[in-house]
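Use these hints to put chains C and W onto chain V, whose structure you have.
Residue numbers (the numbering used here), protein chains in the order written: chain V, 1 to 159; chain C, 1001 to 1337; chain W, 2001 to 2126.
Just so you know, these hints were derived from the structure itself, not from any lab. Any given hint could turn out to be false.
[To be verified] Each pair of labels, with its calculated beta carbon distance range:
1. C/ALA1034 <-> V/CYS33: 39 to 49 Å
2. V/VAL121 <-> C/ASN1031: 36 to 46 Å
3. C/GLU1225 <-> V/GLN18: 28 to 38 Å
[What the hints assert, rightly or not] Dumping the calculated DMTMM-like pairs for lysine to aspartate or glutamate here, alpha-carbon to alpha-carbon at most 25 Å:
4. W/LYS2021 <-> W/GLU2046
5. W/LYS2045 <-> W/GLU2066
6. W/LYS2058 <-> V/GLU62
7. V/LYS150 <-> W/GLU2066
8. V/LYS22 <-> C/GLU1323
[Stated by the list, open to error] Derived list of chain V stretches under chain C, where covered just means 3 residues or more per stretch with a C-beta under 8 Å from a C-beta of chain C:
9. 25–38
10. 74–87
11. 95–108
Backbone N, C-alpha and C fix where the C-beta goes; we use that ideal spot for every residue, glycine too.
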Amino acid sequence: MGDKKKQKLTPEQQQYQQLEQKHELKRPVVKNCIKAFLVGGTICLIGQAITYFYIYFFNFTEQTAGNPTVATMIFISMLLTGFGIYDHIGQFAGAGSAVPVTGFGNSVISAAIEHRTEGFVLGVGGNMFKLAGTVILFGVFSAFIVALVKTLLTMMGVL
Amino acid sequence: MLIGRQSWQFANRPVIESWASSGGPFEAEGNLAADFDILHDDLWMGQDSYEKAHRHLLEEAINSALQKVNLSKEDMHFMLAGDLINQITPSSFAARTMQIPYFGLFGACSTSMEGLALASFIVNYQGAKKTITGASSHNSAVEKQFRYPTEYGGQKPPTAQWTVTGAGAAVVTDNPDKSGKPVTTSATIGKVVDMGLSDPFNMGGAMAPAAADTIISHFKDLNIEPSYYDLIVTGDLGRIGQETTYELLHQSGLNITRNQFQDCGLLIYKDDQPVQSGGSGAGCSASVLYGHLLNQMKKGVYNRILVVATGALLSPLSFQQKESIPCIAHAVSIEMN
Amino acid sequence: MIQSINPEAGATNDFDDKNVKLAEKVKKDIQSLDEIYDVAVIAGKEDTLVAYKVKHMKRFGMKRIEKEINKKLEKNYPGENFIVSSDFKIFIEAVELRERMKDPAYSEKKAEKQLQRIISLKKEMT
Chain V
1 MGDKKKQKLT PEQQQYQQLE QKHELKRPVV KNCIKAFLVG GTICLIGQAI TYFYIYFFNF
61 TEQTAGNPTV ATMIFISMLL TGFGIYDHIG QFAGAGSAVP VTGFGNSVIS AAIEHRTEGF
121 VLGVGGNMFK LAGTVILFGV FSAFIVALVK TLLTMMGVL
Chain C
1001 MLIGRQSWQF ANRPVIESWA SSGGPFEAEG NLAADFDILH DDLWMGQDSY EKAHRHLLEE
1061 AINSALQKVN LSKEDMHFML AGDLINQITP SSFAARTMQI PYFGLFGACS TSMEGLALAS
1121 FIVNYQGAKK TITGASSHNS AVEKQFRYPT EYGGQKPPTA QWTVTGAGAA VVTDNPDKSG
1181 KPVTTSATIG KVVDMGLSDP FNMGGAMAPA AADTIISHFK DLNIEPSYYD LIVTGDLGRI
1241 GQETTYELLH QSGLNITRNQ FQDCGLLIYK DDQPVQSGGS GAGCSASVLY GHLLNQMKKG
1301 VYNRILVVAT GALLSPLSFQ QKESIPCIAH AVSIEMN
Chain W
2001 MIQSINPEAG ATNDFDDKNV KLAEKVKKDI QSLDEIYDVA VIAGKEDTLV AYKVKHMKRF
2061 GMKRIEKEIN KKLEKNYPGE NFIVSSDFKI FIEAVELRER MKDPAYSEKK AEKQLQRIIS
2121 LKKEMT
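Only chain V is shown next, with the shape it has when bound in the complex:
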């Protein structure tokens, strides 16, 4: 909590918040990091295995195998979400299962499942990207900025 926010609190509120802090359970950060590392690593290992599967059995090179791998991983995470397993993985792994592309698939499909009682157009269609929408927006926006910077640098002859 920033100091700026603290200033707005009355002394009574500050005193209470100090008292409350004592009882508050802290997130076990180190433990969470280790879990995230292990689960995230396992997800990447599976992804690597799928990549090699595509290289061995299909006409994909290391470079082009990325696309079908991502699609497969998202598909798997969608199935896991639908069967109600992914949220349990998420509670255990935290960032480990949220950061890989599977987390993106999960955020899309969980929102779609959640709102299917409101119908396909306004429910599923309108809410599917409720969580993933920001990822897409800021992902595209930052890609645009990076591309712009690179183009300018190339034009100026720096790169």
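Frame of chain V; chains C and W shown alone:
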């Protein structure tokens, strides 16, 4: 009768004639499964949306409470109910089914005691002979509104709480035959307390000062000691909120023993259930009181209890706009006659 | 994947001594680099395919290694056209082609065609 600053004493001692609770699959695995009248093994409960299942829970609890004393819904003069969903539709839609004159209440998770206090007040002053009051919540419906989608794999911090899927309802009457029945003797209406906390994943910490404020006011208004009660039970403070409230009460000089002070949100689930800090939701205090606690009173385990239901009066909009969480608590004293 | 296969160098035209020699020499040249543990070379009519595997911990410098190899080849074999790739797919395809070429029934024309297919695979990478 008004007593002190913010309390009512019910001289005519309204009777809690019957009570019933219903719950979902997660509650069926919990500590108090035996005290639920109806338990579902499916969150959908045979309905096609969670909101309908939510309404269904309340209807079942009300019907079951009525059946126990052979009353029909036509015998009820008023119904007081509420929940956490937008515009309290599950309760209002249940009232449409029931066709009982209806007050819709919103006090977040404190709705159960708000309802019981008002029902007792109405009955005490002959505003009605028989009323029914209840509160409910449904995990999936409430999480959908306040948090992320239920299947979303976000990590909940250890301060988070699990919304109870459950409903509780009680029939409050002016029956002159009060022997062996629980009666409401007094109620304290809380004021909104805001200590500036703004983390929606730590409701217990936000609600603790409201609970403490109401409990302190209760003892001051009625001029009694905490030892008067066998049990002081809070609604859904959870682990953190309960510890904090206990410390606040001690600081204020109230002499409450640790065993005397419990929390519905901690009673309802087993320790090994993944609920982080405990249960929460309007259905939490309602289903525990109108099930476990009143059953225990009937068995003679407790004679006098003070139920303090706490509510966090936030909306998904207000916390996204970085507003702090205002909280409230209402207390009702229940005694065996 | 991890172990070194060390495939023989070869040329699509076995009778063309010059090409076979070139392939063998290139293989030796590239193998002498520290970061590399496995090389497959196939010399075609005009293009020579060089596929290699980079040691795991050295993979951060893949771009630099590729540049180094290109420079080295250009210097040592002026006038030759090389297609250089660290891609695993290209490597296994090259090994497979070399195996097939051992069969005398596998014609030079077919081998050349297959080589061109591998080269086109490498070029479509983006």
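Quickly compare the C-alpha distance for W/LYS2058 and V/GLU62 to 25 Å and report which way the hint goes.
Holds: W/LYS2058 and V/GLU62 sit about 17 Å apart, inside 25 Å.
When you check the alpha-carbon spacing of W/LYS2021 and W/GLU2046, does it fall within 25 Å?
With a Cα-Cα distance of about 15 Å, the restraint between W/LYS2021 and W/GLU2046 holds, given a limit of 25 Å.
Would you check the hint for V/LYS150 and W/GLU2066, treating anything up to 25 Å between C-alpha atoms as holding?
holds (23 Å)
8 Å C-beta test of the stretch 25–38 of chain V against chain C, three or more residues
holds (count 5)
Whether the CB-CB distance between C/GLU1225 and V/GLN18 falls inside 28 to 38 Å:
holds (29 Å)
Next pair to validate is W/LYS2045 with W/GLU2066; report whether the Cα-Cα distance is within 25 Å.
holds (23 Å)
Given that the stretch 74–87 of chain V was listed as covered by chain C, double-check it with a C-beta distance under 8 Å for 3 or more residues.
Coverage by chain C holds for the stretch 74–87 of chain V (5 residues, Cβ < 8 Å).
Between the alpha carbons of V/LYS22 and C/GLU1323, is the straight-line distance 25 Å or under?
Given that 25 Å is the threshold and the Cα spacing comes to 23 Å, the pair holds.
May I ask you to test the hint 39 to 49 Å on the CB atoms belonging to C/ALA1034 and V/CYS33?
Taking Cβ atoms as reference, C/ALA1034 and V/CYS33 lie about 41 Å apart, which means the hint holds.
Satisfaction of the hinted span 36 to 46 Å by the C-beta atoms belonging to V/VAL121 and C/ASN1031
About 43 Å separates the Cβ atoms of V/VAL121 and C/ASN1031, which means 36 to 46 Å holds.
When I compare C-beta atoms, does the stretch 95–108 of chain V have three or more residues closer than 8 Å to chain C?
holds (count 6)
Violated hints are absent here; each numbered hint is respected by the structure.
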